[in-house]
Amino acid sequence: MVFTFTSVRPPPPQKPPEPPDDQHRDYSRSNEDTIKVSFRDKVLGTKMHAVKEKVDLIANNMAKIELVQVVKLLGKNLGYNTMKNKLENIWKLMGGIELMDVGNAFYMVKFDGEEDKNKVINEGPWMIYDRYLTVRQWTPNFNASTAKIDKTMAWIRIPSLNLVFYDESVLWAIASMVGNPIKVDLQTLKVARGRFARMCVEVDLTKPVVGRVGINGEWYQVQYEGLHIICTHCGCYGHLMKDCAPPTKQSVTDVHDSGRKNE
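According to full-length UniProt numbering, the stretch in the sequence shown is residues 1 to 263, in order.
The set of hints was computed from the structure by calculation and includes no laboratory data.
Errors might be hidden in some of the hints.
Below, a list of computed lysine-lysine pairs in the DSS-like style, where the Cα atoms sit at most 27 Å apart [as the list claims (entries may be wrong)]:
| no. | residue 1 | residue 2 |
| --- | --- | --- |
| 1 | LYS148 | LYS84 |
| 2 | LYS92 | LYS151 |
| 3 | LYS86 | LYS76 |
| 4 | LYS92 | LYS183 |
| 5 | LYS148 | LYS119 |
| 6 | LYS84 | LYS190 |
| 7 | LYS190 | LYS242 |
| 8 | LYS110 | LYS148 |
| 9 | LYS148 | LYS190 |
| 10 | LYS76 | LYS183 |
| 11 | LYS86 | LYS190 |
| 12 | LYS76 | LYS190 |
Restraint-style ranges between C-beta atoms, simulated for each label pair [unchecked claim]:
| no. | residue 1 | residue 2 | range |
| --- | --- | --- | --- |
| 13 | GLU98 | ASN162 | 12 to 22 Å |
| 14 | ASN118 | ASN180 | 31 to 41 Å |
| 15 | ASP112 | LYS242 | 38 to 48 Å |
| 16 | THR206 | LYS242 | 35 to 45 Å |
| 17 | LEU93 | ALA144 | 15 to 25 Å |
| 18 | ASN81 | GLY217 | 47 to 57 Å |
| 19 | ASN162 | MET94 | 41 to 51 Å |
| 20 | VAL191 | ASN216 | 13 to 23 Å |
Every residue gets a Cβ at the ideal spot worked out from N, C-alpha and C, and that includes glycine.
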């Protein structure tokens with residue numbers, strides 16, 4: 001019996017087929033794109049920096065912080081969506097805003113650019129539901145749980161003011177008797193309405209408000225727009241007479257044109 005052996009060479013190994021192009025995608029990048037960015041990262045960024053860049057990093061973060069303001073509505077708490085809608089409607093900015101509720105009715109607002117931030121600061125006071133929106137620069141040591149509103153810009157009216165006083169320098173002097181003068185209403189400067197003079201001042205909410213001003217021997221009442229909770233006993237903002245502390249002296253302050261106060 002004859003056996004015949006045939007040598008069969010195994011086929012050479014074949015190169016595995018190239019994967020489709022979509023298998024080479026950078027899934028780590030894709031996942032990063034879908035990760036939600038926090039408010040803090042929008043303010044300070046997420047890029048990791050080497051220790052040697054510490055000085056530049058601090059300067060870079062401080063520049064971003066400059067675009068963040070803290071706002072609070074005096075005398076009324078608003079929910080997140082309502083507050084954001086109201087801010088966008090009254091400010092009408094070129095860019096967008098990022099809003100974060102930080103507690104105690106305070107909100108942090110990050111602006112897209114310096115121009116929008118300056119508009120909000122310079123074109124106030126802003127009002128929502130006939131109440132003042134306080135605006136202040138955010139700082140790293142801001143604590144919403146202990147922060148208090150000590151000052152606000154407010155419009156004041158001087159009813160029946162003699163028309164001889166409708167001069168910008170005189171009106172500015174009158175406003176300075178009430179608080180830190182900010183500006184005079186355009187209609188008042190034009191003497192378009194004589195029923196009252198209207199000026200904007202910065203009011204110290206920790207002190208009794210000025211109720212009357214004396215000019216050339218005449219007394220004129222001071223009315224405050226948007227400040228609805230003023231105690232008629234002590235003259236301070238934030239509570240009513242029934243909640244007032246035990247009386248010390250008198251009520252609202254009177255101021256003469258000489259700058260002297262009547263307590």
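Each hint tested on the structure:
A distance of roughly 22 Å separates the Cα atoms of LYS148 and LYS84; the hinted pair therefore holds under the 27 Å criterion. Only pairs whose Cα atoms come within 27 Å are accepted, and LYS92 paired with LYS151 is accepted, the gap being roughly 25 Å. Using a Cα cut-off of 27 Å, the hinted pair LYS86 and LYS76 holds, with the two alpha carbons roughly 13 Å apart. Among the hinted pairs, LYS92 with LYS183 is consistent with the structure: their alpha-carbon atoms are about 21 Å apart, no more than 27 Å.
Pair hint LYS148 plus LYS119 holds up; C-alpha atoms about 24 Å apart against a cutoff of 27 Å. Distance check on the hinted pair: LYS84 and LYS190 sit about 35 Å apart at the alpha-carbon level, beyond 27 Å; violated. This hinted pair does not check out: LYS190 and LYS242 have alpha carbons roughly 42 Å apart, beyond 27 Å. The suggested pairing of LYS110 with LYS148 holds, with an alpha-carbon distance near 21 Å, which does not exceed 27 Å.
At roughly 37 Å between alpha-carbon atoms, LYS148 and LYS190 are farther apart than 27 Å, so this suggested pair is violated. Taking the CA atoms of LYS76 and LYS183, the gap is near 26 Å; set against the 27 Å cutoff, the hint holds. Of the supplied pair hints, the one linking LYS86 and LYS190 is violated, its CA atoms being roughly 31 Å apart against a limit of 27 Å. Between LYS76 and LYS190 the alpha-carbon distance is near 34 Å, which puts this suggested pair outside the 27 Å criterion.
Between GLU98 and ASN162 the beta carbons are some 49 Å apart, a value that contradicts the proposed interval 12 to 22 Å. Roughly 19 Å separates the CB atoms of ASN118 and ASN180, a value that falls outside the hinted 31 to 41 Å. Hint check: ASP112 to LYS242, Cβ distance near 46 Å, so the stated range 38 to 48 Å holds. At roughly 21 Å, the beta carbons of THR206 and LYS242 sit outside the given window of 35 to 45 Å.
Restraint check, LEU93 to ALA144: a C-beta distance of roughly 24 Å satisfies the suggested window 15 to 25 Å. About 54 Å separates the C-beta atoms of ASN81 and GLY217, a value consistent with the hinted range of 47 to 57 Å. A beta carbon spacing of about 43 Å between ASN162 and MET94 agrees with the range 41 to 51 Å that was offered as a hint. Taken as a hint, the range 13 to 23 Å holds for the pair VAL191 and ASN216, whose Cβ atoms sit roughly 19 Å apart.
Checked against the numbered hints listed earlier, the structure breaks hints 6, 7, 9, 11, 12, 13, 14 and 16; every other hint is satisfied.
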